[in-house]
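Given the sequences, and given the hints that come with them, work out the whole structure.
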Amino acid sequence: MTQSQTDPAAEAALLEAYAAGDTDAARSLAVRYTPLVFAHAVRMLNDRAEAEDVAQEAMLKLWRRALAWDAEGGASVRTWLYRVTANLCIDRLRKTRPGGMPDDLDIPDDGPGAEALLQAKARKLALDEALMQLPDRQRQAVVLRHIEGLGNTEIAQIMDIGPRAVESLTARGKRSLTALLSGQRTGLGYTDDTVETSL
Amino acid sequence: MTQSKPPFDDPLEAAFAEARRMPPPVPDGLLARVIADAGAERPRSARQPLWRQIFGTLGGWPAMAGLAMTACVGIWAGGALTDDLMLALTPLDAATLDIGTGLGAFDLLLVDG
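Chains A and B, in that order, give the protein sequences.
Letter by letter, the first sequence follows residues 1 to 199 in full-length UniProt numbering.
Letter by letter, the second sequence follows residues 1 to 113 in full-length UniProt numbering.
Since the hints were made in silico from the structure, they are not lab data.
Among these hints, one or two may not hold up.
[To be verified] Below, computed lysine to any residue pairings styled on SDA-like, alpha-carbon distance capped at 20 Å:
#1 A:K121 x B:R21
#2 A:K61 x B:V26
#3 A:K124 x B:E18
#4 A:K124 x B:P24
#5 A:K61 x B:W61
#6 A:K61 x B:A40
#7 A:K124 x A:R175
#8 A:K121 x B:P43
#9 A:K124 x A:A179
Next comes the structure, spelled out in structure tokens:
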């Protein structure tokens with residue numbers, strides 16, 4: 001579940017190459033990090049159009065940062081991008097809240113049958129809606145830990161808090177989500193006993 | 001009745017797993033716009049043409065201003081230092097050595113043979 005570790009030295013080398021005019025380096029960085037940044041923004045905002053703007057803005061900040069990138073400090077591009085993206089999302093949420101119903105999600109049609117697909121979609125929408133009811137920092141911690149699959153140490157760096165605070169945020173977030181989702185269990189295809197086990 | 005039970009006892013974990021399995025697809029055009037931004041924001045030093053890089057290597061505007069001023073003084077001196085001005089600038093006895101070669105200021109070179 002945990003994402004692969006990043007190599008700050010390799011990331012810094014790519015940024016340095018970009019700063020020197022290497023367009024392939026820019027493409028590599030864009031291909032690697034745009035999907036990650038966009039996904040995180042969607043999960044934070046539950047709004048694909050807003051998330052698209054945020055993703056482009058976060059990547060723009062990375063390009064502008066390239067010359068001043070602190071390679072010696074061992075900073076991770078991924079960690080930095082998660083932090084910038086979350087900050088941009090939280091800024092937008094503070095300006096325009098609430099978001100309303102989410103856009104329709106594109107689910108690959110290569111897995112379960114139609115009924116199961118609808119149910120999976122319903123679960124995903126229910127999770128998205130429940131996530132949006134969490135406080136911003138709780139949602140950020142839960143998404144980073146349980147969906148993006150990052151470790152507590154990196155989350156602590158992203159959120160600029162201690163690892164114990166991350167644990168506390170994710171635990172409280174999970175409790176809230178469990179309570180929120182339990183109210184929709186019949187529509188989501190869960191039995192009563194499965195929900196009870198998580199409470 | 002159980003419908004399509006997810007492979008997790010905890011429904012929240014099942015929802016997380018589905019969220020991980022179905023990351024939101026990147027919209028058409030976003031990646032192209034990000035790459036275009038990278039080109040537009042490429043650091044200035046990387047975008048300079050060859051002549052600007054040479055210009056910078058030679059010292060930039062201060063060095064070029066000094067070079068231009070030196071060139072101007074040289075051109076002015078070449079045109080303005082006539083015979084009369086040279087006579088005014090040289091000692092009186094030297095002026096008597098003019099042997100009328102018609103070479104202007106350069107005829108003084110002939111004195112030493």
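Now the hints, each set against the structure:
no.: 1; hint: A:K121 x B:R21; in the structure: holds, 12 Å
no.: 2; hint: A:K61 x B:V26; in the structure: holds, 19 Å
no.: 3; hint: A:K124 x B:E18; in the structure: holds, 7 Å
no.: 4; hint: A:K124 x B:P24; in the structure: holds, 11 Å
no.: 5; hint: A:K61 x B:W61; in the structure: violated, 31 Å
no.: 6; hint: A:K61 x B:A40; in the structure: holds, 12 Å
no.: 7; hint: A:K124 x A:R175; in the structure: holds, 18 Å
no.: 8; hint: A:K121 x B:P43; in the structure: violated, 44 Å
no.: 9; hint: A:K124 x A:A179; in the structure: holds, 16 Å
Hint violations for this structure: numbers 5 and 8, all remaining hints satisfied.
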